[in-house]
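Student: If you want the building blocks of each chain, they are given just below.
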Amino acid sequence: MSGQGSAGGATAIELIGVDVRYHDRQALAGIDLRIDPGERVALIGGNGAGKSTLLRLVAGTLAPTAGTVELFGTGVGSLDRLAVARRLGVVPQAAALPFAARVEEVVALGRIPHEHPFRGAGPADRAAVDAAIARVGVEALVGRDARELSLGERQLVLIAMAVAQATPILLLDEPTVHLDLRHQVAAMDLLVGLNEGDGTTILAVLHDLGLAAHFFPRLVLLDHGRVIGDGPPRDVLTPARIRSVFGVDPALVRLAS
Amino acid sequence: MASRSEPIAPVRPVDAAHLARRARPIVLLAVGLAALAVALVLGVGLGSVSIAPGDTIAILAHRLLGLDVAPTWAPSTETIVMELRLPRVLTAMSVGVGLAVAGTTFQGLLRNPLADPYVLGTASGAALGAAIAVIVPIRVVIFQFGLLHALAFAGALVAVYTVYRLSRTGGLAPLTSLLLTGYAVGSLLAAGLAMAMYLSGAALGQIFSYLLGGFDGSSWSRLAAAAPLIGFGSVAISLRARSLDGLLLGEETAAHLGIDVRRERAILLALASLITAAAVAVSGLIGFVGLVVPHVVRLLVGPSARSLLPLSALGGAALLAFADLAARLLGEIPVGVVTAVIGAPFFLALLRRVRAGYEL
Chain P
8 MSGQGSAGGA
18 TAIELIGVDV
28 RYHDRQALAG
38 IDLRIDPGER
48 VALIGGNGAG
58 KSTLLRLVAG
68 TLAPTAGTVE
78 LFGTGVGSLD
88 RLAVARRLGV
98 VPQAAALPFA
108 ARVEEVVALG
118 RIPHEHPFRG
128 AGPADRAAVD
138 AAIARVGVEA
148 LVGRDARELS
158 LGERQLVLIA
168 MAVAQATPIL
178 LLDEPTVHLD
188 LRHQVAAMDL
198 LVGLNEGDGT
208 TILAVLHDLG
218 LAAHFFPRLV
228 LLDHGRVIGD
238 GPPRDVLTPA
248 RIRSVFGVDP
258 ALVRLAS
Chain Y
5 MASRSEPIAP
15 VRPVDAAHLA
25 RRARPIVLLA
35 VGLAALAVAL
45 VLGVGLGSVS
55 IAPGDTIAIL
65 AHRLLGLDVA
75 PTWAPSTETI
85 VMELRLPRVL
95 TAMSVGVGLA
105 VAGTTFQGLL
115 RNPLADPYVL
125 GTASGAALGA
135 AIAVIVPIRV
145 VIFQFGLLHA
155 LAFAGALVAV
165 YTVYRLSRTG
175 GLAPLTSLLL
185 TGYAVGSLLA
195 AGLAMAMYLS
205 GAALGQIFSY
215 LLGGFDGSSW
225 SRLAAAAPLI
235 GFGSVAISLR
245 ARSLDGLLLG
255 EETAAHLGID
265 VRRERAILLA
275 LASLITAAAV
285 AVSGLIGFVG
295 LVVPHVVRLL
305 VGPSARSLLP
315 LSALGGAALL
325 AFADLAARLL
335 GEIPVGVVTA
345 VIGAPFFLAL
355 LRRVRAGYEL
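Quick note, the sequences are listed as chains P and Y, same order. Those letters in the first sequence? Residues 8 to 264, per the working numbering, in order. Those letters in the second sequence? Residues 5 to 364, per the working numbering, in order.
Bound-form chain P, shown alone (with noise of 0.2 Å):
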């Protein structure tokens, strides 16, 4: 099933009749998805509905059982993993440092794909770990431990590190758990000045609907394991679906208008 359908060109995103199975669970199943360049995108879904193993699999970091994943017309497992970071950052949903780090020094992680394989960072690197700290707002947070953070600081160190990647295309796992209201939204307006401003092809796991359905235009949601809606919010988050994939009544969920 197809979203926004575009006409010639490279697609960011395609994943065509992927089923993945764990042991005798299968997590995904014929799950045809087609992503365009510059397109924002939500994954939405109750728990264990296939939207991290989704994740995943545009990642590379998990093979699908069948079926293919491409990046840009290229099936993701031919590439290596500096090619795919090349093209695609993560904001993984949380991530232990078992040493001291300052919030810069975790930024600068972002780096490594680009980064000269033996001189190291460069003046352009250092200049992308500046701007992606000015971008995302946590320059009150430079030069302290990255462990003394609060979850929500973390969650924004860790999207600063993805936004100093500079990839094309950008996947987010739960990017707002942990965020205050006010940090939430301007989580969502700086994934949407990514987009707009910067071209950036973004997908994301949110678990907040009204969040989702207030700041991207398209949204697919996945129930065990497969795609049973894609498109505007209006279209997809029908009452009756609520009712039947979270099991909540549709009024507790507010859709902005």
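One thing to keep in mind: the hints can contain errors.
[What the hints assert, rightly or not] If we take Cβ atoms under 7 Å as the criterion, some of the chain P residues that face chain Y in the derived model are:
id, residue
1, Arg-88
2, Ala-92
3, Val-97
4, Ala-101
5, Ala-102
6, Pro-105
7, Phe-106
8, Ala-108
9, Glu-112
10, Ile-119
[What the hints assert, rightly or not] A few chain Y residues that don't get close to chain P, going by computed Cβ distances all over 10 Å:
id, residue
11, Pro-79
12, Ala-154
13, Ser-181
14, Leu-203
15, Gln-210
16, Leu-215
17, Pro-232
18, Leu-243
19, His-260
20, Ala-274
21, Ala-330
[As the list claims (entries may be wrong)] In silico negatives: residues of chain P with every beta carbon more than 12 Å from chain Y:
id, residue
22, Ile-23
23, Gln-33
24, Ala-66
25, Thr-81
26, Pro-124
27, Asp-187
28, Leu-197
29, Gly-204
30, Gly-217
31, His-221
32, Asp-230
33, Asp-242
34, Gly-254
Hints in this document: simulated from the structure, not taken from any laboratory. Think of the CB as a built atom: it goes at the ideal place given N, C-alpha and C, for glycine as much as any other residue.
Start from chain P and add chain Y according to the hints.
Tutor: Below, chain Y alone, put in the same frame as chain P:
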């Protein structure tokens, strides 16, 4: 320029932080090299026969750099310097480099601050190999190594390879599985070691002195066998510094940052194990250097492996050269005792200090 271990000011301009960090590794490099030079001169000069620092420097300049220096010293002094002291100091430095680099690598690879070069069974494997060499009545020389050193080297590598293979369940072994397998295999080998010691009879002292570590039997030929392996391994690991950096946030994130985690882990594990095996083969089991040095350097320069690896190598070399000097001046006590006496309180102090700022 605030030290990393102090509570960090809440707001710091981006540029200032970068400037402060850029200067510091160079300064530490200079300090480390100076410490190493002092360790070399003192290590060669001091012992049962003391040699004046001027003579030590002159002999070294004459023999190593080929400078034309008129001899003011007895020929026997030159023999002591060239055949006994210098190989010993250089062996201590090489082993110090090896343990510090391997410790840094294992800590980064296993993402565990408590990891040391021995964590995956290398120590128990080397000890069992050495013990077997002591109790079997065969004397051979393999690549400049006596049987004890050869079997210690082989034992360390066999142990870590066994751990690696056993921990692999199809795909990429989880880190906990690697650590627990290392612990289990280590325990099994320790039982073998206990059995070998029980059976060794009069040779028990020889096994024991290996276990405690030391440099008193150092020679050029043994150094020539171990130093190239340690040097090669350390350089090869340093060239992969950014793989270690990528692993800082975990293996999944490392993959997202372009690191081929499975391949890099195998390569780094193999190199660090090779270094450790070469180090324990010449020196026996010397604790704390591989654990403490990376932590101290990390506090000074931060977690980036590009600075951490060379500075740890310098620190390990200087520390072990001084520890061996202390062991020698205290009447040839085992150097492992010295490093433990220096290292353990230092590590405890470090833990307390670090805990004040942030958890470890």
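Student: Each hint should be assessed against the structure and marked as holding or not.
Tutor: Going down the list of hints, with the structure as the test:
The interface hint given for P:Arg-88 is met, as the beta carbon of that residue sits about 5 Å from the closest beta carbon of chain Y, less than 7 Å. For P:Ala-92, the interface hint holds, since its Cβ comes within 7 Å of a Cβ in chain Y; the closest pair sits about 3 Å apart. Checking P:Val-97 against chain Y: minimum C-beta separation of about 4 Å stays under 7 Å; hint holds. Interface hint status for P:Ala-101: violated, as the beta-carbon distance to the closest one in chain Y is roughly 9 Å, over 7 Å.
Hint status for P:Ala-102 relative to chain Y: holds, with the closest Cβ pair at about 4 Å, below 7 Å. With its C-beta approaching chain Y no nearer than about 4 Å, P:Pro-105 sits inside the 7 Å limit, and its interface hint holds. This hint holds: P:Phe-106 has a C-beta 5 Å from the nearest C-beta of chain Y, less than the 7 Å allowed. Because the smallest distance between the Cβ of P:Ala-108 and any Cβ of chain Y comes to about 5 Å, under 7 Å, the interface hint for this residue holds.
With a least beta-carbon distance of about 6 Å to chain Y, the hint placing P:Glu-112 at the interface is held under the 7 Å criterion. Below 7 Å, beta-carbon pairs count as interface contacts, and P:Ile-119 has one with chain Y at about 4 Å; its hint therefore holds. Chain P leaves Y:Pro-79 outside its interface by the beta-carbon criterion, the shortest separation being 46 Å against a cut-off of 10 Å. Every C-beta of chain P lies more than 10 Å from that of Y:Ala-154, the closest at about 35 Å, which supports listing it as non-interface.
With a least CB separation of 17 Å from chain P, Y:Ser-181 remains clear of the 10 Å interface cut-off, as annotated. A cut-off of 10 Å between C-beta atoms confirms that Y:Leu-203 is not in contact with chain P; the least separation is 41 Å. The beta carbon of Y:Gln-210 sits about 39 Å from the closest Cβ of chain P, which is more than 10 Å, so the claim that it is off the interface holds. For Y:Leu-215, the non-interface assignment is confirmed: its Cβ lies about 30 Å from the closest Cβ of chain P, beyond the 10 Å cut-off.
No Cβ of chain P approaches the Cβ of Y:Pro-232 within 10 Å, the least distance being about 21 Å, so the stated non-interface status holds. Not every CB of chain P is more than 10 Å from the CB of Y:Leu-243 (nearest about 6 Å), against its label as outside the interface. Non-interface status of Y:His-260 relative to chain P is broken: a Cβ of that chain comes within 10 Å, the nearest being about 4 Å off. The claim that Y:Ala-274 lies off the interface holds: its Cβ sits roughly 19 Å from the closest Cβ of chain P, which is beyond the 10 Å cut-off.
For Y:Ala-330, the requirement that its beta carbon stay farther than 10 Å from each beta carbon of chain P is met, with the minimum near 29 Å. For P:Ile-23, the condition that its CB be more than 12 Å from all CB atoms of chain Y holds, with the nearest at approximately 23 Å. Distance to chain Y confirms P:Gln-33 as a non-interface residue, since its nearest Cβ pair spans about 20 Å, more than 12 Å. Non-interface call for P:Ala-66 relative to chain Y: violated, since the shortest CB-CB distance, roughly 6 Å, does not exceed 12 Å.
P:Thr-81, annotated as away from the interface, keeps every beta carbon of chain Y farther than 12 Å; the closest lies near 16 Å. The claim that P:Pro-124 lies off the interface is violated: its Cβ sits roughly 7 Å from the closest Cβ of chain Y, which falls inside the 12 Å cut-off. The non-interface label for P:Asp-187 is consistent with chain Y: the shortest C-beta to C-beta separation is roughly 19 Å, beyond 12 Å. Its beta-carbon lying about 18 Å from the closest one in chain Y, P:Leu-197 satisfies the requirement of being farther than 12 Å from that chain.
Even its closest Cβ contact with chain Y, about 22 Å, leaves P:Gly-204 beyond 12 Å, as expected for a residue assigned away from the interface. Listed as a non-interface residue, P:Gly-217 keeps its Cβ farther than 12 Å from every Cβ of chain Y; the least gap is roughly 28 Å. At the 12 Å boundary, the C-beta of P:His-221 stays outside the reach of chain Y, the nearest C-beta of that chain being 27 Å off. The claim that P:Asp-230 lies off the interface holds: its Cβ sits roughly 25 Å from the closest Cβ of chain Y, which is beyond the 12 Å cut-off.
Residue-level check passed: P:Asp-242 sits 32 Å from the nearest beta carbon of chain Y, beyond 12 Å. The Cβ of P:Gly-254 sits about 30 Å from the closest Cβ of chain Y, beyond the 12 Å cut-off, so the non-interface label holds.
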